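Visitor: Residue numbers (the working numbering), protein chains in the order written: chain A, 2 to 313; chain B, 2 to 313.
In case anyone wonders, no lab produced these hints; they're calculated from the structure.
Fair warning: this is a prediction, and the values are worked out from it, not measured in the lab.
Mixed in with the good hints there might be a few duds.
Identical chains share a label here; the pair holds if one copy fits it or two copies do between them.
[Said to hold, decoys possible] Straight-line alpha carbon distances no greater than 27 Å define the calculated DSSO-like cross-link-like pairs of lysine-lysine that follow:
1. Lys191 / Lys57
2. Lys198 / Lys127
3. Lys286 / Lys43
4. Lys57 / Lys134
5. Lys187 / Lys236
6. Lys198 / Lys236
7. Lys290 / Lys8
8. Lys171 / Lys219
9. Lys8 / Lys57
There are 2 protein chains.
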Amino acid sequence: MSRSSIKAFAPATVANVSCGFDVLGFAVENPGDEVEIELTTKPGIEITSILGDKGKLPTDPKLNSASVSIQSYFDYIGYNDGIKMILNKKMPISSGMGSSAASSVAGVFAINEILNNPLNKKDLLKFALQGEKIACGSAHADNAAASLLGGFILVRSYDPLDIVSLEYPKDLIVIVIHPQLKIDTKAARKLISSNIKLNSAVSQLGNIAGLISGLSQKDYNLISRSLIDVIAEPKRSKLITGYQEIKKTAIDFGAIGCGISGSGPSIYALSTNLKKAENIAFEMKNKFKSFDIDSNYYVSKINDTGAKIINK
Amino acid sequence: MSRSSIKAFAPATVANVSCGFDVLGFAVENPGDEVEIELTTKPGIEITSILGDKGKLPTDPKLNSASVSIQSYFDYIGYNDGIKMILNKKMPISSGMGSSAASSVAGVFAINEILNNPLNKKDLLKFALQGEKIACGSAHADNAAASLLGGFILVRSYDPLDIVSLEYPKDLIVIVIHPQLKIDTKAARKLISSNIKLNSAVSQLGNIAGLISGLSQKDYNLISRSLIDVIAEPKRSKLITGYQEIKKTAIDFGAIGCGISGSGPSIYALSTNLKKAENIAFEMKNKFKSFDIDSNYYVSKINDTGAKIINK
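So that you can see chain A by itself, here it is in the shape it has in the complex:
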């Protein structure tokens, strides 16, 4: 590509984080998606190629989450020229790791950068959410905000959109394991009924408050006690073969918490020690294997950077 091209990376993310249904998310170091953009004078967005998606993603710019996000950005800033775009999916699709959010975020981050940052990073979120809406049917911000900004984020409010960067212990290690199971985000969402018991809400309120306090005070025991989900996990875990056993394995081998990543099938676990985390991940993979399920795992610190340019 010419000098007028740029490549951005946006990381995978763990949303919900047990007690934080639809409001909490954090980014991991890897995997993630790359979007390469070249400015052209021909109006419109042309998706030149999509790599790593095994042909699963739409190349129609009106349907692809990255291009939809970029188009909504163009509409906002009034950009009338065009781009060519390459999307390199370096993470699994429909994995519960925020795949569509990573593509959307990489897209809007790249275009904003190549146009010399007319908007600041935080303001890009609303455009990335347009891509989320196309891919998932609803614009949930927990994945996209974490992928864009990095760190551990809270969606305090959707209307108005209010994203808060939370304090968290920098030595926290994340394991995300992705089993070869397919769960559709929309189907997983339908499992959660639109009404819940007040008792469940109170329980979840206590736990999310405990988690935020624990993260802030670096109280690992409190974090561990608080990583309980009574809203989504009881229903969605049934879609993940061996879920209870995998979770038990993670805890038995020293994870301070474990839960479904987003709407699954990926599972996240937290540890305070890299070596221990590698071992937990290995044992979780072994446990999946005992159910005849292949899996890939990723172990890293929480990614404090979020979207970034990886070449200019």
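Using the hints provided, position chain B relative to the given structure of chain A.
Guide: Here is chain B on its own, set in the frame of chain A:
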């Protein structure tokens, strides 16, 4: 009374704190209740007198929240002698300020102290909750834990009971205003249906997480944005004449947040400045007056001590 007598004070409390339905509470400096205990050799609890209750509270030790709490403590430690007890209600009953919790806490704190503290302070909570159960029909711990321990507390879990002391800015000033309106706690609780919309739960999760983060990071703007209650306030506020106008007055005069204290009718507001807080309280009282409702207000820092002995 002889040397074998003791007097304890336990403070009034604000429970729920807008987004923390059934899980958050904090203590104020005043008002509060006093319980005076004298050890006797005649088995059983004798309530010698109750002051300041206008004859409203039961003197039957099986029905009074302070004596019920003390009896459950006796049952636990195996104490077989008796006591004489004076309960001095120095705060309004059925006010939404944790009146029964203050009596229960003062009672168990006094008896534990006069018996040379066989149990530590935190362990007294479960006995105080027995008094809450008698008075309110259910053992909600947010008032009692805050009254006992002081500070800003979280009931992370009811089963097992898990109380977390939260970080909060020490310069936070609390206004509590008690209008001459009667609300029955049990009736106020019945207004809240046992099922809530998932959307409401998500909204409340976002706000409680924002509040805990704001308290911890001393971010007053975030605290202010987070003090929203979509579960109880929309229903319970209808029982408080002029509620919306009083709340608007508090905010207009600079309160960073305002909501129902417990199940009402008292209303709390937060400020970062004592002089401003006094003015907010004065204007809230004036606004109640415009509805022909008398009220009393209390302005103080958050009480970081909780229950204490006031003479030996």
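Visitor: If a hint holds in the structure, say so; if it does not, say that too.
Guide: Hints and how they fare:
no., hint, result
1, Lys191 / Lys57, "within (23 Å within a copy, 51 Å between copies)"
2, Lys198 / Lys127, "between (31 Å within a copy, 25 Å between copies)"
3, Lys286 / Lys43, "neither (48 Å within a copy, 67 Å between copies)"
4, Lys57 / Lys134, "within (18 Å within a copy, 58 Å between copies)"
5, Lys187 / Lys236, "within (14 Å within a copy, 33 Å between copies)"
6, Lys198 / Lys236, "both (14 Å within a copy, 17 Å between copies)"
7, Lys290 / Lys8, "neither (36 Å within a copy, 65 Å between copies)"
8, Lys171 / Lys219, "both (9 Å within a copy, 20 Å between copies)"
9, Lys8 / Lys57, "within (22 Å within a copy, 74 Å between copies)"
Checked against the numbered hints given earlier, this structure breaks hints 3, 7; the rest are met.
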